[in-house]
Amino acid sequence: MNPELSDTALWSRLLNGEEDALDQIYKVHFQSLYQYGMRMLHQEDEVKDCLHNLFIKLWENRKTLNPTTQIRYYLLAALRNTIVNHRTKESKYEKVEASDEYLFDLNFTLESAYIRKEEINQKAVQLAAAMNQLTPRQKEIIYLKYFEELDYSQIAEIMDLTTKGTYKLSARALDALREIMKVDKTSLVLLLLELNKLHKWHI
Amino acid sequence: MTKHNYTTFTTSDFLEDPDFLRYVKYQLPEDRLFWENWQKAQPQNLAAFSDAELQLRIMLSPKPFKTSLHLEENLLAAIHQSIAKGHRKIKISRQKYFWAGGLAASLILALFIGWFLNSTVSIHTAFGEQKKIALPDGSEVILNANSTLSYPRAYAWKENRVVKLEGEAYFKVKHLNHNAAHIKAGELFKAETRTIEVQVLGTTFNIKERRGMAHVALVEGSVRVRAVKTGQHYQMYPGNVVQVNSRNGLLTVEKRGSLQQSAWTDGRLIVNQTTVNEILRNFEDVYGYQVILDDPALGQKKIDGSISIKSEEGLLFTLSHILNVNIQKQGKVIYLKRR
Chain X
1 MNPELSDTAL WSRLLNGEED ALDQIYKVHF QSLYQYGMRM LHQEDEVKDC
51 LHNLFIKLWE NRKTLNPTTQ IRYYLLAALR NTIVNHRTKE SKYEKVEASD
101 EYLFDLNFTL ESAYIRKEEI NQKAVQLAAA MNQLTPRQKE IIYLKYFEEL
151 DYSQIAEIMD LTTKGTYKLS ARALDALREI MKVDKTSLVL LLLELNKLHK
201 WHI
Chain D
1 MTKHNYTTFT TSDFLEDPDF LRYVKYQLPE DRLFWENWQK AQPQNLAAFS
51 DAELQLRIML SPKPFKTSLH LEENLLAAIH QSIAKGHRKI KISRQKYFWA
101 GGLAASLILA LFIGWFLNST VSIHTAFGEQ KKIALPDGSE VILNANSTLS
151 YPRAYAWKEN RVVKLEGEAY FKVKHLNHNA AHIKAGELFK AETRTIEVQV
201 LGTTFNIKER RGMAHVALVE GSVRVRAVKT GQHYQMYPGN VVQVNSRNGL
251 LTVEKRGSLQ QSAWTDGRLI VNQTTVNEIL RNFEDVYGYQ VILDDPALGQ
301 KKIDGSISIK SEEGLLFTLS HILNVNIQKQ GKVIYLKRR
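Residue numbers (full-length UniProt numbering), protein chains in the order written: chain X, 1 to 203; chain D, 1 to 339.
With the rest of the complex left out, here is chain D:
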């Protein structure tokens, strides 16, 4: 070690001195011994020394980057490979990236188109909730509580008006057909449930499929209902209600009663010789409760009239008066007890 007369050093001089740098940077025992002794002698420029030491320590504080695992070996192997092949990385890498960029872009586009063509829009209502849905073709759907409506994302683009339904919905289908003798693909509207297919041109109707029974009620226009299981079909006229049993696919027709079926869209329940059990099942489906009657005989009682179903409280209140029962709510279970 060449020793300067360090007692005349300024902070800057220390920072330029390789021996001083080595001492701070590497903390070798012999350097430490030297500088500790030098400080013990209380030189006049001790403050300059301390300043330089602190500054240098901060200058050396940035931490090294960690290489990822095996980077060093892998890179060397890649270099040897390139040398063996006799070409430069720079060209390959540019072309590769250019290529990869185009490839990635078309892949994303293809994925997007695939997704667009094959994915569906799905709308769900919770218990007690209703939603009004405007379809891309201008048709309208009112989705009753606890139901799901889905249709292809490319609905408008595909010219294929197909929707799928679980639960209950009221459809106002926009009429697109101009020439009844010549019906184009995009002019037909199809509503499908697990049990039935309803094919229309432009009408208003209600579909309800719950508890193993599908009901189609036609308000206006004309629809064709087909049972998926049996292929049985029926051309409906306004006022008709068609029922199809999900289990055996059997189709039955009632000439009247469609207004009752769709009255829920006005917040009413129209009943005509309807059993209490039927009303309660409907209540359960729409509001998500389990209703238990303490007297099963009550369930067979038949009711006529119009009941407001706008709120669960209102409906329960009306029922409790008609049936002369007390209502007890316990979480998701409602007990109706004879007074």
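With the rest of the complex left out, here is chain X:
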């Protein structure tokens, strides 16, 4: 079945107040939401609270929700909003700076099923190191693009990126990379190309 068709049908069943549609949505997307939540909040308890809130709200507001063809995208965006609200509340209690620069837990490593032992060389090590130096927002872009396979307009929508903010982001990232990659200019050029590509779409 075409996933978009089934998403549309499932969503309208939720809007009609069928509670087992909520169950089905939860079961299909739990892993995806949990992983994204953990990368942002790092604490299972907090992720659990946010997911709880998200699904309760989904149910309570079902009558006013718009139709969607992509439930996963809708849920990821909603979860991110829930987490941002959660952080704002937390910061009221714990005096945490409610800034963009929350850690996005995306640790690039060469010890992965994706990397064959014979591929581990100087260049791979430097690439991984450089990627680990990316800002939380840049890591989040990579995550949403390559793990969740969202397209750039969706990512921009989810992350509420503005052109001005992105300029700042890329300038900082480029400085950091220049610092890290002093030695290997070819890799730097390659990486800069990737970064430009990542940011091109909202300039």
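Hints were generated in silico from the structure; no laboratory data involved.
Hints should not be assumed to be uniformly reliable.
[As the list claims (entries may be wrong)] Result set (EDC-like, lysine to aspartate or glutamate): computed pairs, CA atoms no more than 20 Å apart in a straight line:
#, chain 1, residue 1, chain 2, residue 2
1, X, K145, D, D17
2, D, K66, X, E46
3, D, K63, X, E19
4, X, K123, D, E53
5, X, K145, D, E16
6, D, K172, D, E220
7, X, K145, D, D19
8, D, K25, D, E53
9, D, K85, X, E18
10, D, K255, D, E284
11, D, K25, X, E46
12, D, K85, X, E118
13, X, K27, D, E73
14, D, K132, D, E192
15, D, K85, X, E19
16, D, K25, X, D20
17, D, K329, D, E312
18, D, K66, D, E36
19, D, K85, X, D20
20, D, K184, D, D137
21, D, K66, X, E148
22, D, K25, X, E118
23, D, K190, D, D137
24, X, K117, D, E53
25, D, K25, X, D45
26, D, K25, D, E36
27, X, K145, D, E53
28, D, K172, D, E140
29, D, K66, X, D45
30, D, K63, X, E149
31, D, K40, X, E119
32, D, K66, X, E44
33, D, K310, D, D294
34, X, K145, D, E140
35, D, K25, X, E111
36, D, K329, D, D266
37, D, K40, D, E73
Chain X is fixed; fit chain D onto it per the hints.
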């Protein structure tokens, strides 16, 4: 699969291509076949392809988080419960945490107060060690070797000056009472052992309880000694030594001899018609050895005088000369053998 002209692709183009992503990410057999064949044709941009592949692999390297056991089912059940009750988690959770925070804080405070009021400070000396202890009320205690002194942590706060002793200690109790006709609770000082209770206002005295015998020696002032077992008591005057037998609680009084009892605080042992056995038992208690005489008759010998007990070697050396014996140390056992 829609096939592009991949031979013109740059690294960036590959990284934007959904088919390329699917190949690297999922390694499906048909994708692998396609890309292996494509590489075999030795396209000009093979290096760009390899770079993109390596970069993408590293980008995909972060490992997923493991959910704790049954989290998915439990959370769904909790969501259904909240829906049934018709309220939102966010309010409950905030209130709960707020509440729990206050509760936890008062619980910790209560535990702390309980601990503070009921716990004791306990000071122990090892064999051969002495400690000088300043109590919160300004009283002083010299704790002899192999002894334990304990008192309530809230000693000062409770206005209840009670200390417990095992072993031997010399007390200089600070006098707090101003009106002898009216003695307040906090002005009394009590020293307790298993066998006796010593009640004072402010004096200097020595307590020793070892080997089933408690001794109280009064240096100055006045104390009241009470045998715990029998309730027998005695008001002591300076110079007095009271002995209480731990087994039967019987109290006996010697009018003189308190200076001998407390001489250890000056590093001396003053003996007056004291048997060698008695001296050796004292040595054993303070230094933690077992002393064995090869001639038991030696133990009955009585000695007078003052012996330095500042070090175990010094004491043994003096004894070996008085008794005319050779000393053999084997671990924690000392053999005294007639020459």
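Comparing the hints with the structure gives:
no. : hint            : verdict
1   : K145/X / D17/D  : 11 Å, holds
2   : K66/D / E46/X   : 15 Å, holds
3   : K63/D / E19/X   : 33 Å, violated
4   : K123/X / E53/D  : 13 Å, holds
5   : K145/X / E16/D  : 9 Å, holds
6   : K172/D / E220/D : 9 Å, holds
7   : K145/X / D19/D  : 14 Å, holds
8   : K25/D / E53/D   : 10 Å, holds
9   : K85/D / E18/X   : 17 Å, holds
10  : K255/D / E284/D : 27 Å, violated
11  : K25/D / E46/X   : 29 Å, violated
12  : K85/D / E118/X  : 57 Å, violated
13  : K27/X / E73/D   : 9 Å, holds
14  : K132/D / E192/D : 18 Å, holds
15  : K85/D / E19/X   : 14 Å, holds
16  : K25/D / D20/X   : 32 Å, violated
17  : K329/D / E312/D : 12 Å, holds
18  : K66/D / E36/D   : 34 Å, violated
19  : K85/D / D20/X   : 17 Å, holds
20  : K184/D / D137/D : 15 Å, holds
21  : K66/D / E148/X  : 17 Å, holds
22  : K25/D / E118/X  : 19 Å, holds
23  : K190/D / D137/D : 13 Å, holds
24  : K117/X / E53/D  : 15 Å, holds
25  : K25/D / D45/X   : 30 Å, violated
26  : K25/D / E36/D   : 15 Å, holds
27  : K145/X / E53/D  : 15 Å, holds
28  : K172/D / E140/D : 5 Å, holds
29  : K66/D / D45/X   : 13 Å, holds
30  : K63/D / E149/X  : 16 Å, holds
31  : K40/D / E119/X  : 19 Å, holds
32  : K66/D / E44/X   : 10 Å, holds
33  : K310/D / D294/D : 26 Å, violated
34  : K145/X / E140/D : 75 Å, violated
35  : K25/D / E111/X  : 16 Å, holds
36  : K329/D / D266/D : 26 Å, violated
37  : K40/D / E73/D   : 48 Å, violated
Of the numbered hints listed earlier, those contradicted by the structure are 3, 10, 11, 12, 16, 18, 25, 33, 34, 36 and 37.
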